[in-house]
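Participant: Each chain is listed here by its residues.
There are 2 protein chains.
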Amino acid sequence: MECSTKGNIDITGCRVSLYPMTDNFSEVILGSFDKVDTRAVWSQTDLFSTLYRGEQESVIDATQALFMSAYQSDVHMVTELTFSKGCPGDSDADRYINGKKEKPNQEELPDDFPVKCKYSFYSFGEKDYMEEIATIVEMASEMGLNPQSAHYVTLLEGTASQLFVYFERALQYAHEHLNHYVLEATVSVNSPSEK
Amino acid sequence: MECSTKGNIDITGCRVSLYPMTDNFSEVILGSFDKVDTRAVWSQTDLFSTLYRGEQESVIDATQALFMSAYQSDVHMVTELTFSKGCPGDSDADRYINGKKEKPNQEELPDDFPVKCKYSFYSFGEKDYMEEIATIVEMASEMGLNPQSAHYVTLLEGTASQLFVYFERALQYAHEHLNHYVLEATVSVNSPSEK
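Residue numbers (this note's numbering), protein chains in the order written: chain A, 238 to 432; chain B, 238 to 432.
Same shape as in the complex, but just chain A (with noise of 0.2 Å):
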């Protein structure tokens, strides 16, 4: 589960499942795809999610561009995010890395929109695991993201933009200090709940 044969490799990856709630929802997902430069991480579409993987600038730029190649104004759509890295049974296949840590997606994205988010930053073979989940927690109120407290998440609003610089600097610092972590997250945008 979570890998598939033994390695130890500094592979960042991303599961991106998109839930456009429209009639259209194919058309939306399949639009999203061809908006985005791959040329920076590996990729891979199952029935599930697009899967990228790399390394973790170029995986989240990516990950970034798809999120917001998706939005479109007037649908609810919700999007979930696992990224993962340093599962001891990872295998070094299905990657690209050349040291880089290109970002070839920033200079064309989307215009910026609000969005909330959910999620939870989970920590492997710590003993002192929640006070990393508190490290993390607390880049987001700098940030102004204004972190809430509810059962089993954290609750975070602001813009897509600052979400995606949020997620670059708490897996920067994740990568710094632990070896395997995996952040749960999911996107809402558009909800007739916040109306």
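The set of hints was computed from the structure by calculation and includes no laboratory data.
Even for Gly, the Cβ is constructed at its ideal location relative to N, Cα and C.
Heads up, some of the hints might be wrong.
[Said to hold, decoys possible] Pulled a few chain B residues facing chain A out of the computed Cβ check, cut under 10 Å:
#1 S286
#2 R290
#3 S360
#4 F361
#5 V390
For chain A, the structure is supplied; the task is to place chain B on it using the hints.
Facilitator: Just chain B now, kept in the frame of chain A:
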């Protein structure tokens, strides 16, 4: 994050989010709420999810009823489930506990239907967490759910009823052997990608 105040209480929770990919998503979601008998759980709905908290059997029962009641044979729907128990910061509040492990929805469930599932089982503060994951996945194999390894998740296939029987067995094992765990599952029905 994941919890608000200190405590050490035997409360299972599940966050259930329904994503029916149709223009009528609100009707599908709201219609399913009315069909769940919530007498054996504490429940609350926020922007992202409906949250059930209480005894493990009762929480799984309510979760299954909400998911199965939202099923429509002509609608692609994805459901996100976060089962969690044992967070060191959980509070002895927002729960229904009477020691009876009631499952009031089992007699009136809708007809069964095929599902695909991706899921990850997370155990915290344990050095041998990878072995616990392997045990949980082996249980899916014994139940005929054909677990397949993929990056960051395990894939399952079966019917809705089979899947929830598995969740109950897996979480029962976790309850007996682990302190703090999360089962994150995404269930898909009627995906056009399957055709």
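Participant: Work down the list of hints and note, for each, if the structure agrees.
Facilitator: Results for each hint:
1. S286: holds, 8 Å
2. R290: holds, 7 Å
3. S360: holds, 8 Å
4. F361: Where the cut-off is 10 Å and the nearest Cβ of chain A is about 6 Å from B:F361, the hint holds.
5. V390: Holds, because the Cβ-Cβ distance from B:V390 to chain A comes to roughly 7 Å (cut-off 10 Å).
In summary, this structure violates none of the numbered hints.
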